[in-house]
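> Could you build all of it, start to finish, from the sequences and the hints given here?
Protein chains in written order, with our numbering: chain X, 4 to 334; chain R, 3 to 318.
Quick caveat, the hints were computed from the structure, so don't treat them as lab data. Keep in mind that this is a model prediction, so the values were computed, not measured. Careful, some of the hints might be misleading.
[Stated by the list, open to error] These stretches of chain R come out as covered by chain X in the derived footprint (C-beta under 8 angstroms, 3 or more residues):
hint : segment
1    : 39 to 46
2    : 145 to 158
[Claimed, not checked] Derived Cβ-Cβ restraints for the label pairs, each shown as a range:
hint : chain 1 : residue 1 : chain 2 : residue 2 : range
3    : X       : 152       : R       : 312       : 44 to 50 angstroms
4    : X       : 181       : R       : 76        : 46 to 52 angstroms
5    : R       : 238       : X       : 181       : 21 to 27 angstroms
6    : X       : 175       : R       : 154       : 34 to 40 angstroms
C-beta atoms are modelled at their ideal positions from N, C-alpha and C, and glycine is treated no differently.
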Amino acid sequence: MADIAATTARARRKQGTKLNWTELGPFLALAVLLVVGFLVNPDFLSVNNITNVVTRSAFVIVIGVGATFVISSGGLDLSVGSMAAFVTGVMILFMNTVVHDIGSNAIAAGMVLALVVGAFCGLGNGLIVTVGGIEPFIATLGTMGIFRALITYLSNGGTIPIDHSLRDVYRPVYFGAVLGVPIPVIVSLVVAAAASVLLYRTKYGRSCAAVGANEEVARYSGIPVIKTRVIAYVIQGLCVAVAAICYVPRLGAATPTTGLLWELQVITAVVIGGTPLRGGKGHIWGTVAGAVILELIANLMVLSDFVSEYLVAAVQGVIIIIAMLIQRFSK
Amino acid sequence: MSKTKLIAATLVGSLLAAGAALAEDKKTIVVSIPAADHGWTAGVVYHANAAAKEVNAAFPNINVVVKTSPSAAAQVSALEDLSAKRKMDALVILPYSSEELTGPVKSIKEAGTFITVVDRGLNDSAIQDLYLAGDNIAVGKTTAKFLVDKLGGKGKVVVLRGIPTVIDDERIQGFKDGLAGSDIKILDIQYANWNRDDAFKLMQDYLAKYPQIDAVWANDDDMLLGVLEAVKQAKRTDIKFALGGNGMKQIIEKVMANDPMTPIETPYPPSMIKTAIYMTAAALNGQAPIRGTVKLGAPLITQANAKDYFFPNSPF
Chain X
4 MADIAATTAR ARRKQGTKLN WTELGPFLAL AVLLVVGFLV NPDFLSVNNI TNVVTRSAFV
64 IVIGVGATFV ISSGGLDLSV GSMAAFVTGV MILFMNTVVH DIGSNAIAAG MVLALVVGAF
124 CGLGNGLIVT VGGIEPFIAT LGTMGIFRAL ITYLSNGGTI PIDHSLRDVY RPVYFGAVLG
184 VPIPVIVSLV VAAAASVLLY RTKYGRSCAA VGANEEVARY SGIPVIKTRV IAYVIQGLCV
244 AVAAICYVPR LGAATPTTGL LWELQVITAV VIGGTPLRGG KGHIWGTVAG AVILELIANL
304 MVLSDFVSEY LVAAVQGVII IIAMLIQRFS K
Chain R
3 MSKTKLIAAT LVGSLLAAGA ALAEDKKTIV VSIPAADHGW TAGVVYHANA AAKEVNAAFP
63 NINVVVKTSP SAAAQVSALE DLSAKRKMDA LVILPYSSEE LTGPVKSIKE AGTFITVVDR
123 GLNDSAIQDL YLAGDNIAVG KTTAKFLVDK LGGKGKVVVL RGIPTVIDDE RIQGFKDGLA
183 GSDIKILDIQ YANWNRDDAF KLMQDYLAKY PQIDAVWAND DDMLLGVLEA VKQAKRTDIK
243 FALGGNGMKQ IIEKVMANDP MTPIETPYPP SMIKTAIYMT AAALNGQAPI RGTVKLGAPL
303 ITQANAKDYF FPNSPF
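This is the structure we're talking about:
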């Protein structure tokens, strides 16, 4: 007995040091990017610019945290971008309807509704994948189309703007700051901190990784596989809702192009962050770094003068690959 | 047995003939357009349906049918279904893409249908009887001329362009042509994909990069809304004008209110589909000659004429 305990402890310690290196990778890439950025254009490191970039990373960070659960449990969710648009649309329509009766409380009510809708969307995805037994790629490709069509339908293809009276009250949730730290950044940090406790310090977190590493072994070990994976999708849905809550005050509207291609940014951020696509482990803070790296690259493309506007996407691709290589060889 | 069959066949045959004769009294205009997937196409759908209702009410002998398709392939199938099902006297089409729709429209033309093409041309211009489009070069040029005039011929501007397409290229070309000869300098041009969020981010980056910007031009109103939010956040006072293009109702509202930053607009109106449907109806009903090419101008919209371009119920 004691033997086993000692071995486990040793294994954990060993894993701990290894974990540190993998987790350092994305931050190393981030540091290199910051230095390169500063050399290209000193304005890159101005407080204003860095604040803008980190604030706008919030959506991909928050959704990426959810995706870290889904991916580490061996799943995938392609529907997050459309889901964000759908949740945003439903939330705005609801707030516009109730604002005449309950005034500014409509915002709080809208936030609660967003979380409920997000959770149900995630639950739907989770049940289709687990109980339905459909490949996550195909299942969430399907729901991706469904959510996108629903937001297009709700908006008649146009725009769903938030009621004028709510616009200014809600605006600070994106543009405001506490002690100089923008609110979306605080939200991202809180979500990431809560998620890392859940993933690293609880039984659920360990089941999540175990299911992703080897579903059969997990089942024989008595882990409720279906429940574990469904919960991961529900967490993803909740994260999408939190992102939507921060997104609405930015431009005050939902359109059929809201959240377009976010799913790819999210998955890229998760993978840059060190979480393998095949599942089995997740790196929450790596995902956070990955999301910031992606936005910094896009920002750097605009701030630098030597890339033709036609080649921006190619250079971005090259930088992402280099960032991955830096990580790989720094291990 | 052969007798009953013969009688049945005759019956069916005469019924069919009667049906055809009935249909002949009413002339059908089929309108094939992209489904509403963003603001501009949503406007096209709105105005096509409005025109169909108005034309059907005004001309009892004309029946306008509107069909929307979510992709080029779907539009091709829709055309096949429609031409198999009924006699088409005229087709008004806003093609999803020139390449894929040229063949199918050509075969409909060969069956004797009047063809009106809107906005995006087909690869073979011999197919169309009427071609109606806006003027993308003028959209850029009209805006540039306004800036040259208001900035006194000198200043620094940044530009947000859409998605690499002919439409986008023409607008940028027109803008550069319009600035030619003045001392207005374009500091930067980048793609923002006709997307409000991308435009918001790009404008934030422009503001971080350039300490002095006199004017911003986003070549589409969706992007302009993102730009305005970024400018508002940065509280910058150097920016005198932020202009768009297309004629979205939120921007027309600003022009009507004489907004200091966005006092003008240039139209590339989705309501052009309505012009095309009305003209086609005029040809079918009154034999008005309409064959040829119609290019709608892009006149400057100011507070004085903004209400002519304002459609409060349209999604765009």
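> In this structure, is the beta-carbon distance linking residue 152 of chain X and residue 312 of chain R contained in 44 to 50 angstroms?
For residue 312 of chain R against residue 152 of chain X, whose Cβ atoms are near 29 angstroms apart, the range 44 to 50 angstroms is violated.
> I want to verify a distance hint. Is the separation of the beta carbons of residue 181 of chain X and residue 76 of chain R within 46 to 52 angstroms?
49 angstroms, holds
> Given that the segment 145 to 158 of chain R was listed as covered by chain X, double-check it with a C-beta distance under 8 angstroms for 3 or more residues.
It is violated, with 0 qualifying residues against the three required.
> Given a hint of 21 to 27 angstroms, does the C-beta separation of residue 238 of chain R and residue 181 of chain X actually sit inside it?
24 angstroms, holds
> Taking 8 angstroms as the C-beta cutoff, is the stated coverage of the segment 39 to 46 of chain R by chain X satisfied by three or more residues?
As far as the segment 39 to 46 of chain R goes, the hint holds, because 6 residues have Cβ atoms under 8 angstroms from chain X.
> Do the beta carbons of residue 175 of chain X and residue 154 of chain R sit within 34 to 40 angstroms of each other?
Holds, at about 38 angstroms.
The structure fails hints 2, 3 (numbered hints given earlier, in ascending order).
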